[in-house]
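K.L.:
Required output: the full structure, derived from the provided sequences and hints.
Here are the chains, one letter per residue:
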Amino acid sequence: MAEPMKIRATLQVDTADVRILMQHPMETGQRKDAKGEIVPMHFIQNVVITHNGKTVLDAQWSQAISRNPFLGLRVKGARAGDRISVTWTDNKGDTRTDEVAVAAPS
Amino acid sequence: MNQLRRTLLKFSGAALAVGTGLLKAGEVFAAAWNKPAFESKAVADALKNLGAPNLIESKDIIITAPDIAENGAVVPIAVTSKIPNTQSISIIAEKNPFPLTSTHDVANGGEGYVSIRLKIGETSNVRAVVKADGKFYTAVKEVKITIGGCG
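As they're listed, the protein sequences go chains A and B.
Numbering (our numbering) for the first sequence: -14 to 91.
Numbering (our numbering) for the second sequence: 66 to 216.
A portion of the hints provided could be inaccurate.
[Claimed, not checked] With beta-carbon atoms standing in for the labels, derived distance ranges:
{"#": "1", "chain 1": "A", "residue 1": "Arg16", "chain 2": "B", "residue 2": "Asp110", "range": "21 to 31 Å"}
{"#": "2", "chain 1": "B", "residue 1": "Ala172", "chain 2": "A", "residue 2": "Asp79", "range": "18 to 28 Å"}
{"#": "3", "chain 1": "B", "residue 1": "Lys209", "chain 2": "A", "residue 2": "Thr80", "range": "32 to 42 Å"}
{"#": "4", "chain 1": "A", "residue 1": "Pro(-11)", "chain 2": "B", "residue 2": "Glu122", "range": "34 to 44 Å"}
{"#": "5", "chain 1": "A", "residue 1": "Ala(-13)", "chain 2": "B", "residue 2": "Ile212", "range": "27 to 37 Å"}
{"#": "6", "chain 1": "B", "residue 1": "Lys113", "chain 2": "A", "residue 2": "Thr(-5)", "range": "32 to 42 Å"}
{"#": "7", "chain 1": "B", "residue 1": "Pro162", "chain 2": "A", "residue 2": "Ala(-13)", "range": "33 to 43 Å"}
[Unchecked claim] Which chain A residues face chain B? A few, computed with CB under 7 Å, are given here:
{"#": "8", "residue": "His9"}
{"#": "9", "residue": "Ala44"}
{"#": "10", "residue": "Gln45"}
{"#": "11", "residue": "Phe55"}
{"#": "12", "residue": "Gly57"}
{"#": "13", "residue": "Leu58"}
{"#": "14", "residue": "Val60"}
{"#": "15", "residue": "Lys61"}
{"#": "16", "residue": "Gly62"}
[Said to hold, decoys possible] Below, a list of computed lysine-lysine pairs in the DSS-like style, where the Cα atoms sit at most 30 Å apart:
{"#": "17", "chain 1": "B", "residue 1": "Lys209", "chain 2": "B", "residue 2": "Lys124"}
{"#": "18", "chain 1": "B", "residue 1": "Lys206", "chain 2": "A", "residue 2": "Lys61"}
{"#": "19", "chain 1": "A", "residue 1": "Lys77", "chain 2": "A", "residue 2": "Lys39"}
{"#": "20", "chain 1": "A", "residue 1": "Lys61", "chain 2": "B", "residue 2": "Lys200"}
{"#": "21", "chain 1": "A", "residue 1": "Lys77", "chain 2": "B", "residue 2": "Lys206"}
{"#": "22", "chain 1": "B", "residue 1": "Lys100", "chain 2": "B", "residue 2": "Lys200"}
{"#": "23", "chain 1": "B", "residue 1": "Lys100", "chain 2": "B", "residue 2": "Lys113"}
{"#": "24", "chain 1": "B", "residue 1": "Lys106", "chain 2": "B", "residue 2": "Lys160"}
{"#": "25", "chain 1": "B", "residue 1": "Lys200", "chain 2": "A", "residue 2": "Lys39"}
{"#": "26", "chain 1": "B", "residue 1": "Lys124", "chain 2": "B", "residue 2": "Lys147"}
{"#": "27", "chain 1": "A", "residue 1": "Lys61", "chain 2": "A", "residue 2": "Lys20"}
{"#": "28", "chain 1": "A", "residue 1": "Lys20", "chain 2": "B", "residue 2": "Lys160"}
{"#": "29", "chain 1": "A", "residue 1": "Lys39", "chain 2": "A", "residue 2": "Lys(-9)"}
{"#": "30", "chain 1": "B", "residue 1": "Lys113", "chain 2": "B", "residue 2": "Lys209"}
{"#": "31", "chain 1": "A", "residue 1": "Lys61", "chain 2": "B", "residue 2": "Lys124"}
{"#": "32", "chain 1": "B", "residue 1": "Lys147", "chain 2": "A", "residue 2": "Lys39"}
{"#": "33", "chain 1": "B", "residue 1": "Lys147", "chain 2": "A", "residue 2": "Lys61"}
{"#": "34", "chain 1": "B", "residue 1": "Lys106", "chain 2": "A", "residue 2": "Lys20"}
{"#": "35", "chain 1": "B", "residue 1": "Lys147", "chain 2": "B", "residue 2": "Lys100"}
{"#": "36", "chain 1": "B", "residue 1": "Lys113", "chain 2": "B", "residue 2": "Lys200"}
{"#": "37", "chain 1": "B", "residue 1": "Lys147", "chain 2": "A", "residue 2": "Lys(-9)"}
{"#": "38", "chain 1": "B", "residue 1": "Lys160", "chain 2": "A", "residue 2": "Lys77"}
{"#": "39", "chain 1": "A", "residue 1": "Lys17", "chain 2": "B", "residue 2": "Lys160"}
{"#": "40", "chain 1": "A", "residue 1": "Lys61", "chain 2": "A", "residue 2": "Lys(-9)"}
To be clear, the hints were calculated from the coordinates, so they are not data collected in a lab.
Quantities reported herein were computed from a predicted structural model and do not represent experimental measurements.
Cβ atoms here follow ideal geometry from the backbone N, Cα and C, with glycine treated the same way.
P.N.:
Below, the structure written as structure tokens:
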């Protein structure tokens, strides 16, 4: 089972600054393990971020994204309490969804 | 003329894939993973498979990346597009075994900004390709790598 994501969404005037940290090995398929065997590719292919149910960012990734990927984006027109939901799907079909509310600026 | 034909072919291909049930229901929601573009080994091929053979150099794209990255396994890259109606941002590490690293489609208030962390194999240009109003714009920044991140 995939590990939960860390998501932080902070409001800055009328824009939500969203930062996501996912837990994923992101294997490139080029690395060899201790026995000299190639570690098969295992990476996140799709990330969909929605704001109150509407897709704001639809990302397609390759294996070149770093391990435990970070993704930062900005959502215009957001308000405190809006729902930001993040779903990723990897090349093995594994998927995980997490959701946060936009926090008011402190 | 030829360009139009390419676009049409691609569209009908996608329609076919959906129609014949090659794609699972869950994947239709997300844009289909652009396999040919991600598996291209040359930058030109990747651009062609992205549908962007002709790029316009633009100063409205800002790539924020370190000049020298010590660890190629984690290179923070942020791309800001000030071009109106930005539809997508793709990031290409030109000397990686597979140059195209990511494509981000923005919509519904998603701003022309994305920040990620990349693996980069060796000192190389990082190219951002921004699609806005159906046109493709580009900008480049060189990142020097001390220890490669593709091993």
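K.L.:
Could you run down the list of hints and mark each one as holding or not?
P.N.:
Each hint tested on the structure:
1. Arg16(A) - Asp110(B): 21 to 31 Å: At 24 Å between Cβs, range holds.
2. Ala172(B) - Asp79(A): 18 to 28 Å: 25 Å, holds
3. Lys209(B) - Thr80(A): 32 to 42 Å: 36 Å, holds
4. Pro(-11)(A) - Glu122(B): 34 to 44 Å: 42 Å, holds
5. Ala(-13)(A) - Ile212(B): 27 to 37 Å: Holds: the Cβ-Cβ distance is about 29 Å, inside 27 to 37 Å.
6. Lys113(B) - Thr(-5)(A): 32 to 42 Å: Given range 32 to 42 Å: holds, Cβ gap about 39 Å.
7. Pro162(B) - Ala(-13)(A): 33 to 43 Å: 26 Å, violated
8. His9: 12 Å, violated
9. Ala44: With a minimum Cβ separation of about 5 Å from chain B (threshold 7 Å), the hint on Ala44(A) holds.
10. Gln45: 5 Å, holds
11. Phe55: Check passed: Cβ of Phe55(A) comes within 5 Å of chain B, closer than 7 Å.
12. Gly57: 3 Å, holds
13. Leu58: For Leu58(A), the interface hint holds, since the closest Cβ of chain B sits about 6 Å away, which is under 7 Å.
14. Val60: 5 Å, holds
15. Lys61: Hint holds; Lys61(A) Cβ to chain B Cβ min 4 Å, cut 7 Å.
16. Gly62: Holds - the Cβ of Gly62(A) comes within 7 Å of chain B, reaching about 5 Å at its closest.
17. Lys209(B) - Lys124(B): Given that 30 Å is the threshold and the Cα spacing comes to 22 Å, the pair holds.
18. Lys206(B) - Lys61(A): 27 Å, holds
19. Lys77(A) - Lys39(A): Within the cut-off at roughly 26 Å; holds.
20. Lys61(A) - Lys200(B): 23 Å, holds
21. Lys77(A) - Lys206(B): 33 Å, violated
22. Lys100(B) - Lys200(B): This hinted pair holds, its Cα atoms lying about 22 Å apart.
23. Lys100(B) - Lys113(B): Holds. Lys100(B) to Lys113(B) sits at ~13 Å (cutoff 30 Å).
24. Lys106(B) - Lys160(B): Holds, at about 9 Å.
25. Lys200(B) - Lys39(A): Answer holds: Lys200(B) to Lys39(A) is near 24 Å, not above 30 Å.
26. Lys124(B) - Lys147(B): 9 Å, holds
27. Lys61(A) - Lys20(A): Violated - the C-alpha atoms of Lys20(A) and Lys61(A) are around 49 Å apart, more than 30 Å.
28. Lys20(A) - Lys160(B): Cα-Cα ~28 Å, so holds.
29. Lys39(A) - Lys(-9)(A): 20 Å, holds
30. Lys113(B) - Lys209(B): 26 Å, holds
31. Lys61(A) - Lys124(B): Holds: Lys61(A) and Lys124(B) sit about 23 Å apart, inside 30 Å.
32. Lys147(B) - Lys39(A): 22 Å, holds
33. Lys147(B) - Lys61(A): Holds. Lys147(B) to Lys61(A) sits at ~14 Å (cutoff 30 Å).
34. Lys106(B) - Lys20(A): Holds, because 28 Å separates the two Cα atoms, which is no more than 30 Å.
35. Lys147(B) - Lys100(B): 28 Å, holds
36. Lys113(B) - Lys200(B): 14 Å, holds
37. Lys147(B) - Lys(-9)(A): 28 Å, holds
38. Lys160(B) - Lys77(A): Since the Cα atoms of Lys160(B) and Lys77(A) sit roughly 27 Å apart, the hinted pair holds (cutoff 30 Å).
39. Lys17(A) - Lys160(B): 21 Å, holds
40. Lys61(A) - Lys(-9)(A): 21 Å, holds
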